Every structure is written in C-alpha cells, then in structure tokens.
Amino acid sequence: MELIKPGINIDFVGKMKLVFGISVAAMVISIASIIWHGGLNYGIDFAGGTLVQLKFQKATSTEQIRNAFKPIGLQSVVIQPYGDNEVVVRIGGDAAGKELSAMIDESLKATLGPGTFEVRRVEMVGPKVGKDLTQKAILAIVFSWIGMLAYIAWRFEFRYAVGGIAALVHDTTITIGAMSLLNKEFDLTIVAALLTIIGYSINDTIVVFDRIRENARKNIKLPLAQVVNDSINQTLSRTILMSFTVFLVLLALFFLGGPVIHDFSFALLVGVVVGTYSSIFVASPIVLVWEQIRPSKNKGKK
Amino acid sequence: MLKSIKLRALLALVVCLAGLFFLIPSMTSDLPDFWKKYLPTDKIRLGLDLQGGMHLVLEVHADKAVETTMERMAIDMRETLMDKKIRFRNIERTNTNQIALELPDSASRTAFEKLLKDSYPDLDVASSQITEGREAISLKMKDKRAADIKKLAVEQSLETIRNRVDQFGITEPEIITQGDDRIIVQLPGVKDAARAKNLIGKTALLEFKLVDEGNSLDGALKGIVPDGSMIAHGASLDRQTGRRVSVPYLLKSKTLMTGGSLENAQVKISDRFGEPYVALKFNAQGAKDFDRITAENVKKRLAIVLDGVVHSAPVIQERISGGDAQITGSFAMEEAKDLAIVLRAGALPAPVNILEERTVGPSLGQDSIDQGIRSVIIGGLLVALFMMIYYKLSGLVANLAFFLNLVIILGALAAFKATLTLPGIAALVLIIGMAVDANVLIFERVREELRLGKTPRAAIDAGYSKAFVTILDANTTTLIAALFLFGFGTGPIKGFAVTLSIGIVVSIFTAIFITRIIFDLFIWKRNVRSISI
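Respectively, the protein sequence lines represent chains A and B. Here the first sequence is numbered in this note's numbering, starting from 1 and rising by one per residue. Here the second sequence is numbered in this note's numbering, starting from 1001 and rising by one per residue.
I should point out that these hints are in silico values taken from the structure, not numbers from a laboratory. Heads up, none of these hints are tricks.
Dumping the calculated BS3-like pairs for lysine-lysine here, alpha-carbon to alpha-carbon at most 30 Å: (1) A:K58 with B:K1191; (2) B:K1337 with A:K109; (3) A:K5 with B:K1392; (4) A:K221 with B:K1466; (5) B:K1144 with A:K128.
To be clear about the criterion: a stretch of chain B counts as covered by chain A if any three or more of its residues have a C-beta under 8 Å from a C-beta of chain A, and this derived list gives those stretches: (6) 1348-1361; (7) 1367-1373; (8) 1381-1387; (9) 1429-1442; (10) 1482-1491.
Computed from a predicted model, the values in this text were never measured in an experiment. By construction, the Cβ of each residue, glycine as well, lies at the ideal position given by its N, Cα and C atoms.
Just chain A, same shape as in the assembly:
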C-alpha cells in the first residue's frame, strides 16, 4: 500500500512565497492571541498559588462549592470542571498555602458532610519557586534551540542550521499560540511538551536535510533549488508517515490518557502537525533563502 505515489513531484520551492505567507500569518495570529489575552494562562507552576482537585460522590454544582467556601472567604476562586464529578479549585497568590487545603477540607466537610467528597490532589507553589521554575523553563527552551542549532551545524552545515532553527521557532510559537487561542493552562508539563516537540520536529527536518545532502553530493551541477525540491518530494512519504504514526498514538493518549495529561497531549498533537508542516514547507526553503543571501563556501562538497 502506498499513500504517496513514488514519482510525485510537487513544486514546493515554487510555492515558497505562499507558504511563507501562511506561516507568517500563523505566527502573527499566535503572538496576537497572546497579547490579546494579556499573556499566557499561567498555571500555578509559574504564577504561584494553590490547586486542589476534588472529587464528589454525586454531582455537585459550582454554586454549592462556592457556598461551602464562603466561611473561609474563598467564594470567588476559580473552579473548573475536570472530569466526572471532579473539579479543580485554583487559589492564586500566597494565601497561607500551608493551611489552605486543610481549611478547604474542613469547610467542605462542614457544609456538604464528610465522605461526600475526596481530595484527590493538592499542589502549592510558593512565589519563590514559581519564579524559579519560570526562569528555568525559558532557559530550557532557549538552550534547546541553541543545542539543536549547534548539532545541525555540526552534522550538516550552517545554512541547514538556519533552516532548522527557523522551523523550530516557528513550531514553538504556533504551538504556544494554539494553547493561547484556546486559553489552555500553561504549566510545567506544557513546557515539557514544547521541549519534546523541539526535539521531535527536528527529526523529520533532518530526514529531508539528509536527502538534500545526499542528492547535492550526487548532482553537483544541479542548482540547489532543484535539489531541494527533489529531496522534499522523495522524502515526502517518509516524513508524513513518521508523523502519522506518532499522531495515532497521541490520539490514543489524548482521548484515553485522563485529564491530568490531557493538555499535554493536546500540545504534542498540535506540535507534531505543525512540525511536519514546517519540515516540508519551512525548513528547506529557508535553507534556500539563506543560500541566496549568503552563498555557502562549501558548494558541492556537502
């Protein structure tokens, strides 16, 4: 069975301008969404605060919960549904974190009765740790960009590295943008997803670069644009299939993995799709553009 016919020859390079247009538009929308929402929907990992996950024996309305919180002054906290009869209560700031979960427990016991609910999870992040984690997260993302750049420059050539990192920045921005558009919470696991995407999206980019390198060696006389186009076409089957298999498993994770890693799998899903797109339409054309701006001294050797 062949999803992609072997002799395929789409003119990817020719459509470069159109594709760049789409990519730039996507990135602009992403950044606009972030600005419009006033930043990202930071989870407690970065913003600090307390999170309590409660499971109720039978359906309990948000109002009932707020009533239970009134005596301890928490009636206006964020309460989000989380699953079957489960809610997540989020209390921002530094509100005496130590006693908070105990207070909530007692208050609920008093109003709704003991045994009608269960505290499934409590997370408290003080402001110091929050700042710490934010810093570490940003550093991790930036350093991994640099790490990838260095690796590709070493294995291939600098111009490939430029293409690679353009694709990476593109993917990271659009994935974050997607999270922002849907107002999904941005916490540590999402950063983990981003780093995974950074590592993974480079995979299929490398597959294409590998083929370009091989073809360039074989056909020294051909112009780079032609080589690039041929290579993309030849590896199309590979690139799409690789992403497809990962997409399949991520779907399983998204639907069956449970609420705790739901957002994580969503981010990965978006990342994989965008990553595939960028490997085909962004990475290689950027290599071309860079070549036109600064021709490589190693022409024909690599």
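Using the hints provided, position chain B relative to the given structure of chain A.
The following block gives chain B in isolation, referenced to the frame of chain A:
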C-alpha cells in the same frame, strides 16, 4: 555490524531476556525462591503521581539560627556584665542582627574589651561611637562563624526532619538537601498529609522561662516592657464556651532550659480526666539543672513555651529532683503523640517554610495508572494495525520490535531504579510512535531500493545502511531535548525525560539491530525473490 547472524541473534536474545527478567518482578508479587536468590527482584519504582504521596520543598531560614544565637549571646552578655560588675546601659539585639550597648566610661570600656576578647571570640566590633566619654558600641558575628551556623542549621534540620519522619512511620521516605538552604521531602503513600506537614514544619522549640511576677503585666501590655523581660501569649481553652482564648504573659527573657535537655518524651493518660499529656524525662545534666531551677524558684510560676507560645505556666510546688516533668492541657490524642514525636526528635534549629507542595491521593494515582496503561495498549494497537496494513509482513516485524522495545525499556527502568511517572507513561506512548518511525525510515528506503531494481537482499542491505545515519541523527536530537528536560525538570517531568531517553536508545537498538536479524533470518541462504514490504 557483526557479520555472524548466530552471534547477533544471541546478543538480541540476551538483551530481550534481560529486559524480561528485570520486568517480571513488577508484574507479580509471588516470585519463586530460586528467583529471589539469583535474579533481580526490584519492582519498577512508581512516581508520587502514580502511587500517591507527598512532595515538599522546604526552605530553612538559616538566618534565623544566627539571629537566635545572637539573641542568646545578648542575654548571656547582660548576665556576665552584671556578674563582673562592668557598667553598661541598654544592651539589646538590634534588628540588623547586632548587639548594641552603651559603655558609660573608659573603665567599663577597658573591662569590656577584655571581656570581649576572653569570652566572646565570635563577635567583632562593627561600629563604635564615642560622645562625651560614652561609647555606643555595636557588635556583630564574625562572617565565617555566621556561615558555619547557617550550614549547621541546614544539616541539623535535615537530621531532625529525618528523625521525625522516621517516627511517623513512612516506608521509603526521601529527604535530601537542595542547594544551600532547601530540603526536599518525599513521602510516598502518606495517608494524612496535613498531619505530616505539621509534623515536619513545626520548629518545636521547647523553652522553660520564669514568669515575671515582679513587674506589671498591664504596664508591659501598654508598652513598657522592663529590661530582661518579654511578652508572650498562650492559648487557653475556655472549658465552658469551648473556645480558645489568647492569654498574655510577662516572662523573663532568659531561657532556663530547652528541649535539648530532654532524654525522652512520651504520651500518657492522666488519671484525673482521662486526658492525654506528654511526660518529659530530662537527661542527666538536664535533671540536675531542673533540680536547681525548681529549688531556687519554689512557689514561682514556670512557663513552658513551645515555639514562642506559652503552653502552660504551672506553679513550682516543690523542688523536683527526679528529672521528670509534664506538659498538660487539653490535648487531642494525636496532638499529644505528634508533640512527643517532635520533642523526641528535637527542635529544628531554624524555622522552615514550605515553598512547594505536591500531594496526590492514592485513588488519583491508581486512576492515572489505569488510564496510562489503557493509552499504551490502545496506542500500540492502533500503530500495530497501521503497520500491518501498510507494510504487510514487514509491518509485523516492526510490531514485534516495538513490543520488545516496551519489554526492554520497562526492564531497564527497573534495573536502573528509575522512577516511572505519569508523563513517563506518556513517554512510552510516544516511544511506540517514534520506534515505528525508525522502521518507517528503513522500510521506505528498502522500498525505494527495490523500485530501483535491486534484489531483496541487496535492497535490505542498502536500506539499512543508508537509513542508519538518518535514524541516528534524528533520534540524537530528540535525545538532546530529553537531556535538557532532565536538567531543568523536577519530579514527574524528570521521569518523562528519563523514560524518553532510555526509550530512544532502546528503540534505535531494536529498529536497527533486531529487525535486521529477523530479515536476515528469512533471507539467509534462501534465494528470495520478493519480500512483503
């Protein structure tokens, strides 16, 4: 690549069996005896998010330890100055952690200098001002000594918390330092998180101070606190209304004894009300001190202060020489037990602050495991199905490879004592997808070579060798990302990074090495005209 297929097959078999052997203890609890003797018995370690438990990051206020030391020195210095009849005025600890005092004339100045050199080697003169023959002098602690105290404070806190957790009875707790002043506490399977937090965070400084009955409590409350005295509050349970009220006390600042003199603390039930109380037993020196203090202060009130709060202030009826004392007063049984634990384990040398807490209940943990396993199975099935449809028999080979992958990876996790977390299970699901990628790369390449007209054996050779470099490159980048994740992540994310890294290495191995063996087994010595790919 080793040429001999027998050798390669053997190596592959060994690796797979090793994975299996390491994995089996996690799947069943009934291991036969001979297994327990020679073969691995460690189960896979589950993260807190899968087995339930509490993770705390504590910050030790080591500065406070320096403060407390300075405070004690100030009080001590006042006594010594009075004993040696050196005249001084207004000795106190300032809020910049220095001791400030006034020396009214040159005689006291000289005497003080000598005293400083002889008895207080850790103090340096920070500043001194002489006006009209009077010297206002400020003393500070030597930097090195301050640094030492802080370091010691963190170490002692670690020990003390370990002691307390030990007595609380958690299996396999993990308590380690992080950086200069943080302590990480992990308590898997803890049932009562609130109680555990309380037990760990309580400074539990027990002090015995005399109640200052010579001066006016009201006067002090209005703002005139006499030299050498302090105000403290205690909570008292009004038996009629059942509510706790705050009662002020005027105490003499000097701490006569601390919990450090305790040898033991136990919970006992009082005969009179059937209420629990904590029975204290002082050590040899402590008993002597207590004997002396009670003898000197009969009919006076001795305040028992816990963490700055007056617990009770009973009247000393008579001299107590046995070294026994009691802390009584409206305890719930658990409160009394916990107090006994912290007194036995010792006070924290400095207060600790909870910076971060992650507690997962066991039911959520179990749910996460179930959901995780389900995703792995369904994800695996989806991919397996696709591979068979798309690559036919070769797809079957790839499926076998990724199944072996899982076995080896889980075995490796058990062998390296790595921790499996919920994101780690997500990593497993990802690895299934990625492992197949490597196979896709190889198979697509083989298809290409077949299309160019090569024989099956030549096509397989070419496919594997040309794809090898690409597979290596592609997976190395994901490995780099995983390493960054490991470096920056904590807890569950570290678990993700570890599982991902091990998974990548193993999947490269199975994709290149093991599937190749299977192909070779089929093609070996047979003139195969076509392969199902």
